[in-house]
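Participant: Taking the hints into account, I'd like the entire structure generated from these sequences.
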Amino acid sequence: MTHLLQIDDLVVDYASGGRTVRALDGAALTVEAGETVGIVGESGSGKSTLGSAIGGLLPGAAKVVNGAVRVDGDDVNALGPKRLRALRRERLGYVFQEPIGSLDPTMRVGKQVELALRGRGTKADVLPHLDRVRLKDPERVARSYPHQLSGGMAQRVAIAMAMAGGPEILIADEPTAALDSQIREEVLGVIFSLAAESGTTILWLSHDLPAVAKRCSRVVVMYGGRVVESGSASEVLAAPRHPYTAALVRAVPGELAEGERLVPIPGQPPVLDGPSRGCAFAPRCPDAHEACSADRPPLVSVAERDVLCHLAEETVGAGR
Amino acid sequence: MTWWRESDWLTRSGLVCLAVLVLVTVVGTVFGIGGDPGAMVGPRLAPPGGEYLLGTDQLGRSMLPRLFEGIGTTLLLSTLAVLVTAVLATLLGIAAGYYGGWLGEVVMRLVEVLYSFPTIVLAILVAAVAGPGQAATMCSIILITIPLMTRVVRASAVTVAERDYVTSAVISGAGWPRILMRHLVPNLSGTIAVQGTYALSVGILVEGGLSFLGFGVQPPQSSLGALIQQGSTYLLTAPWLVIVPGIVLIVAILAINVFGDGLRDGLEPREARSLV
Chain A
1 MTHLLQIDDL VVDYASGGRT VRALDGAALT VEAGETVGIV GESGSGKSTL GSAIGGLLPG
61 AAKVVNGAVR VDGDDVNALG PKRLRALRRE RLGYVFQEPI GSLDPTMRVG KQVELALRGR
121 GTKADVLPHL DRVRLKDPER VARSYPHQLS GGMAQRVAIA MAMAGGPEIL IADEPTAALD
181 SQIREEVLGV IFSLAAESGT TILWLSHDLP AVAKRCSRVV VMYGGRVVES GSASEVLAAP
241 RHPYTAALVR AVPGELAEGE RLVPIPGQPP VLDGPSRGCA FAPRCPDAHE ACSADRPPLV
301 SVAERDVLCH LAEETVGAGR
Chain B
321 MTWWRESDWL TRSGLVCLAV LVLVTVVGTV FGIGGDPGAM VGPRLAPPGG EYLLGTDQLG
381 RSMLPRLFEG IGTTLLLSTL AVLVTAVLAT LLGIAAGYYG GWLGEVVMRL VEVLYSFPTI
441 VLAILVAAVA GPGQAATMCS IILITIPLMT RVVRASAVTV AERDYVTSAV ISGAGWPRIL
501 MRHLVPNLSG TIAVQGTYAL SVGILVEGGL SFLGFGVQPP QSSLGALIQQ GSTYLLTAPW
561 LVIVPGIVLI VAILAINVFG DGLRDGLEPR EARSLV
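Chains as they are written, first to last, in the working numbering: chain A, 1 to 320; chain B, 321 to 596.
Simulated from the structure, these hints should not be mistaken for lab results.
It should be emphasised that the depicted structure is a prediction, and the values quoted were computed from it without experimental measurement.
Each hint should be verified, as a subset may be incorrect.
What follows is a set of in silico ranges between Cβ atoms, one per label pair, in the way DEER data are often shown [stated by the list, open to error]: (1) B/Val404 / A/Gln182: 51 to 57 Å; (2) B/Glu371 / A/His147: 55 to 61 Å; (3) B/Ser333 / A/Glu42: 54 to 60 Å.
Glycine included, each C-beta is placed from N, C-alpha and C at the ideal position.
Facilitator: If you want it as structure tokens, here you go:
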């Protein structure tokens with residue numbers, strides 16, 4: 001059976017100034033049509049690289065060392081330029097972090113939406129698309145240049161452009177990180193309702209675990225270039241199986257009773273220059289034992305949950 | 321025009337000087353003010369004033385029409401050459417900055433080889449190969465101005481290529497012609513315009529130098545460089561032959577550079593400026 005998105009053991013290296021940095025260290029992920037997936041991880045965990053890899057958009061300095069990304073069974077890295085273009089045009093949509101930066105400053109917004117529609121609509125179809133993302137006064141927006149829009153408006157336009165082609169997968173890379181907190185919810189609402197209407201699968205890359213868990217059906221936690229835990233949002237948040245997820249949950253403000261202390265995660269996230277020998281989280285893990293820093297943890301699947309941890313079975317056994 | 325209101329007096333005066341220079345030259349040439357530039361009409365080496373406003377040269381040709389022709393030749397040659405440079409440098413810069421890879425390496429190495437030649441040596445080399453004349457002058461200006469412009473365009477193209485709107489265009493299935501013409505060129509146009517003005521002043525300087533050395537514009541046609549060269553023989557007896565085209569050359573280059581600075585400040589706002 002082919003999955004909508006299947007990422008197998010993906011290894012990506014960045015070469016910079018004679019140094020190699022491993023951004024993805026065997027990431028694996030499978031997504032079915034219609035899912036809303038939140039990919040959570042801190043800066044450097046590889047989530048943005050993963051997002052770029054799906055569209056074959058890795059920069060020139062990046063090299064896919066191993067593994068494959070398959071969209072509807074098509075290996076993205078093996079497609080010819082023509083088919084890759086078709087895949088991007090027909091199946092993928094991206095929303096980026098910086099709303100103003102995702103619009104061309106030299107072109108009116110309406111023209112840009114029209115270009116994003118290419119082959120699927122004309123000038124007359126621009127306004128409905130702007131209307132769909134709940135922009136007030138779409139005609140004025142269409143006539144504007146990007147610098148005349150607020151961040152929230154620009155991000156709505158970017159969403160309209162990403163959704164214009166009716167993509168199968170919408171990859172949103174921290175789409176609200178640059179926005180004011182009151183606009184965030186509105187923008188997220190627009191993304192999720194549009195995607196629900198058109199049956200688009202969402203991959204939302206974020207570092208905000210509770211926010212992701214609130215809207216997504218599934219949460220995927222990344223650490224050190226690997227997917228360390230994946231499962232239904234409510235379960236992952238309520239009963240994290242991977243020590244890193246557990247630490248993330250403990251470090252979230254707002255979930256705690258008054259007087260309770262937030263628990264920071266000690267140490268720094270790793271910068272890999274090759275495959276990590278053991279579990280990348282071992283140096284910071286409170287429960288680590290010898291095997292953790294010696295062997296790469298295997299994938300353990302228990303009850304709809306995938307966990308990449310030597311201790312996973314124990315924690316299951318202990319009923320934690 | 322908002323641009324005019326936001327510009328400072330220096331930029332404005334540069335633009336005005338340039339406009340006046342071009343206007344006077346065009347009017348003077350079109351209406352044949354001062355007569356035929358090639359005709360030997362008066363006494364030799366007559367001082368300015370009277371019948372011959374700017375005097376006459378060693379063959380008795382009136383200097384005023386020769387100056388008009390000279391400015392026209394110089395500006396036309398330089399402008400044409402810089403236009404060619406702008407097109408080539410834009411394509412090369414984008415090839416190096418956006419596409420990169422081995423193509424970028426080859427382009428940049430070639431550009432660096434060109435860059436390493438001293439200006440006038442390169443110009444003489446071109447004149448020696450192609451034979452002195454207008455074609456050699458234009459080729460020289462193109463070869464001399466291309467390296468710097470390509471490097472600057474490349475640097476800008478590298479940053480523009482990383483912008484999300486370029487990625488968005490790629491995602492929406494845009495082919496390279498659309499990305500090139502719709503996104504890269506418009507967003508690089510400011511850089512290209514600014515570099516173009518600098519290249520223009522370099523072009524005028526190269527024409528002057530090359531013609532002064534006798535490799536550029538050939539007699540009887542005049543250009544600013546050719547006028548200065550011909551007049552230099554009579555520097556002590558008839559200094560106006562050199563002084564007038566010399567002043568025009570200086571004013572033209574100064575005006576273009578000052579205008580270019582203003583253009584850069586307007587089109588490429590720097591953080592340093594916005595903090596003031």
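Participant: Now, for every hint given, state plainly whether the structure supports it.
Facilitator: Verification of the supplied hints:
Roughly 54 Å separates the CB atoms of B/Val404 and A/Gln182, a value that falls within the hinted 51 to 57 Å. The hinted window of 55 to 61 Å between B/Glu371 and A/His147 holds, with their beta carbons roughly 59 Å apart. Between B/Ser333 and A/Glu42, the C-beta spacing of about 55 Å keeps the proposed range 54 to 60 Å intact.
Of the numbered hints listed earlier, not one is contradicted by the structure.
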